[in-house]
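Enquirer: Construct the entire structure; sequences and hints are all you get.
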Amino acid sequence: MELGEQQQPHGDLTLKTIAMPADTNANGDIFGGWVLSQMDAAGGIAGVDRAGGRVVTIKVDTMIFIRPIRVGDVLNVFTEVESVGRTSMKVHIEAWVNRFITNKLEKVTDATFTFVAIDDQGRPRPIPREQGARTETIST
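In the numbering used here, each residue's number is its place in the sequence shown (first place is 1) plus 73.
Quick caveat, the hints were computed from the structure, so don't treat them as lab data.
One should not assume that every hint holds.
Now the in silico label distances, taken between C-beta atoms and shown as ranges [as the list claims (entries may be wrong)]:
(1) P199 <-> P94: 16 to 24 Å
(2) G195 <-> F173: 37 to 45 Å
(3) T90 <-> P199: 31 to 39 Å
(4) G125 <-> N100: 39 to 47 Å
(5) P197 <-> G145: 39 to 47 Å
(6) P94 <-> E179: 19 to 27 Å
Using 27 Å as the maximum straight-line C-alpha spacing, the simulated DSS-like pairs for lysine-lysine come out as follows [claimed, not checked]:
(7) K132 <-> K163
(8) K163 <-> K89
(9) K132 <-> K89
(10) K177 <-> K89
Virtual Cβ for every residue (Gly too), placed ideally from N, Cα, C.
Expert: Following this line, the structure appears as structure tokens:
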């Protein structure tokens, strides 16, 4: 199976947003840097959840742009922590879109990001062996 032919996203839906006209490149497609920033934000959310505190991006591996994103497409970013070291972790990130009008779900981008947990002074800190201390809250 080709990378772009994956049928379902892997990981947790971490971020969802809509592609707007201001996010386009000269060809009218959504600018790759915008997609990268959305994936970085989602990876940061997953990293903070796992590390229980601040993380910073230190590396992006194997960023693959599979299909273009167009204005009106809804971008869904899925994350999955692949591995955790003493101070760093690798997060696999997939971006999928629901196409404007048709709502067809298509994978558009795939990458692995590395994040480092940091303390209040910006120095690397150990990542807890167990999942981070953050908890979900629901307001009613």
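Enquirer: For each hint, tell me whether it holds in the structure or not.
Expert: Hint check:
| no. | hint | result |
| --- | --- | --- |
| 1 | P199 <-> P94: 16 to 24 Å | violated (44 Å) |
| 2 | G195 <-> F173: 37 to 45 Å | holds (41 Å) |
| 3 | T90 <-> P199: 31 to 39 Å | holds (33 Å) |
| 4 | G125 <-> N100: 39 to 47 Å | holds (42 Å) |
| 5 | P197 <-> G145: 39 to 47 Å | holds (41 Å) |
| 6 | P94 <-> E179: 19 to 27 Å | holds (20 Å) |
| 7 | K132 <-> K163 | holds (9 Å) |
| 8 | K163 <-> K89 | holds (21 Å) |
| 9 | K132 <-> K89 | holds (23 Å) |
| 10 | K177 <-> K89 | holds (15 Å) |
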